[in-house]
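Peer 1: Since the structure of chain A is provided, determine the placement of chain B on it from the hints.
Residue numbers (my numbering), protein chains in the order written: chain A, 1 to 114; chain B, 115 to 225.
Read the hints as simulated data drawn from the structure, not as lab findings. There could be a bad hint or two in this list.
Sample of chain A residues facing chain B (criterion: CB under 8 Å; computed from the structure) [as the list claims (entries may be wrong)]:
hint : residue
1    : Asn30
2    : Gly40
3    : Phe45
4    : Ala53
5    : Lys57
6    : Pro70
7    : Phe74
8    : Glu78
9    : Ser87
10   : Leu91
11   : Phe104
12   : Phe105
13   : Gly106
14   : Gly108
15   : Arg110
Computed Cβ-Cβ distance ranges for the label pairs, DEER-style [unchecked claim]:
hint : chain 1 : residue 1 : chain 2 : residue 2 : range
16   : A       : Asp63     : B       : Asn132    : 42 to 50 Å
17   : A       : Asp63     : B       : Gln194    : 19 to 27 Å
18   : A       : Leu60     : B       : Thr134    : 30 to 38 Å
19   : A       : Arg22     : B       : Leu172    : 30 to 38 Å
20   : B       : Pro195    : A       : Thr38     : 21 to 29 Å
21   : B       : Pro122    : A       : Ile12     : 27 to 35 Å
22   : B       : Ala182    : A       : Arg59     : 28 to 36 Å
Virtual Cβ for every residue (Gly too), placed ideally from N, Cα, C.
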Amino acid sequence: DTGVSQDPRHKITKRGQNVTFRCDPISEHNRLYWYRQTLGQGPEFLTYFQNEAQLEKSRLLSDRFSAERPKGSFSTLEIQRTEQGDSAMYLCASSSGRQDSEQFFGPGTRLTVL
Amino acid sequence: TQLLEQSPQFLSIQEGENLTVYCNSSSVFSSLQWYRQEPGEGPVLLVTVVTGGEVKKLKRLTFQFGDARKDSSLHITAAQPGDTGLYLCAGAGDSNYQLIWGAGTKLIIKP
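Extracted from the complex, chain A is given alone in its bound form (with noise of 0.2 Å):
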């Protein structure tokens, strides 16, 4: 395991689609965060998972965003009825939970919708 793995790198999908996103966290590592990230922008918190249970999910985050990590391991993200607006890259990162602890992303995962 050497590092934060996210599955598809791409996604081109029409509007109205479902998509869905996996992530693989370093496996010693109880965190994980999923972000937005649009061109030139720094990322976006959109959920947080502490081992199985999401215990923070920004406000900006729709009803159609649902993310779930259900072992406590690899995690998943569900865009319903994608919207033009929804394309960016989507980053998953996770940390071993230390006070200060450190995130380490994986390559993303960039959507678009047509």
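Peer 2: Structure of chain B alone, referenced to chain A:
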């Protein structure tokens, strides 16, 4: 609400020049991290600074955390084209899990 302001937003310089990127806030952070991101990839952690006044060096990169832990700087000496990328700062604040992110500095080093 904690905010981090990064400056400049964009910097394009010639190879061999020096540069400094700043990350400022009115809030105190328990630690601050610097990341570099290349197009189409996730951010890669460069360094974490924790103690006020701390200075860390990573080859030609020098990172400093302000004495009051409200600001930080990244100085690059003799920049090279391989330094090109988006540099992001992120602070650990009130929450022990959520980072406060700057908007990034897009750096281009021309050969």
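Peer 1: For every hint, state whether the structure bears it out.
Peer 2: Now for the hints, and whether the structure bears them out:
1. Asn30: Check failed: Cβ of Asn30 (chain A) comes no nearer than 11 Å to chain B, outside 8 Å.
2. Gly40: Hint holds; Gly40 (chain A) Cβ to chain B Cβ min 6 Å, cut 8 Å.
3. Phe45: Since the shortest Cβ distance to chain B is 6 Å, the answer is holds.
4. Ala53: 12 Å, violated
5. Lys57: Hint violated; Lys57 (chain A) Cβ to chain B Cβ min 12 Å, cut 8 Å.
6. Pro70: 20 Å, violated
7. Phe74: 16 Å, violated
8. Glu78: Interface hint status for Glu78 (chain A): violated (20 Å vs cutoff 8 Å).
9. Ser87: At about 14 Å, which exceeds the 8 Å cut-off, the nearest Cβ of chain B leaves the hint on Ser87 (chain A) violated.
10. Leu91: Holds, about 5 Å.
11. Phe104: Status holds, d = 6 Å.
12. Phe105: Because about 3 Å separates Phe105 (chain A) from the closest Cβ in chain B, which is inside the 8 Å limit, the hint holds.
13. Gly106: With a minimum Cβ separation of about 5 Å from chain B (threshold 8 Å), the hint on Gly106 (chain A) holds.
14. Gly108: 5 Å, holds
15. Arg110: 7 Å, holds
16. A:Asp63 to B:Asn132: 42 to 50 Å: Since the Cβ atoms of Asp63 (chain A) and Asn132 (chain B) sit about 49 Å apart, the hinted range of 42 to 50 Å holds.
17. A:Asp63 to B:Gln194: 19 to 27 Å: Between Asp63 (chain A) and Gln194 (chain B), where Cβ atoms are some 47 Å apart, the hint is violated.
18. A:Leu60 to B:Thr134: 30 to 38 Å: 32 Å, holds
19. A:Arg22 to B:Leu172: 30 to 38 Å: Cβ of Arg22 (chain A) to Cβ of Leu172 (chain B): about 32 Å, so the range 30 to 38 Å holds.
20. B:Pro195 to A:Thr38: 21 to 29 Å: 26 Å, holds
21. B:Pro122 to A:Ile12: 27 to 35 Å: Holds, at about 34 Å.
22. B:Ala182 to A:Arg59: 28 to 36 Å: 30 Å, holds
In this structure, the hints that do not hold are numbers 1, 4, 5, 6, 7, 8, 9, 17, in rising order.
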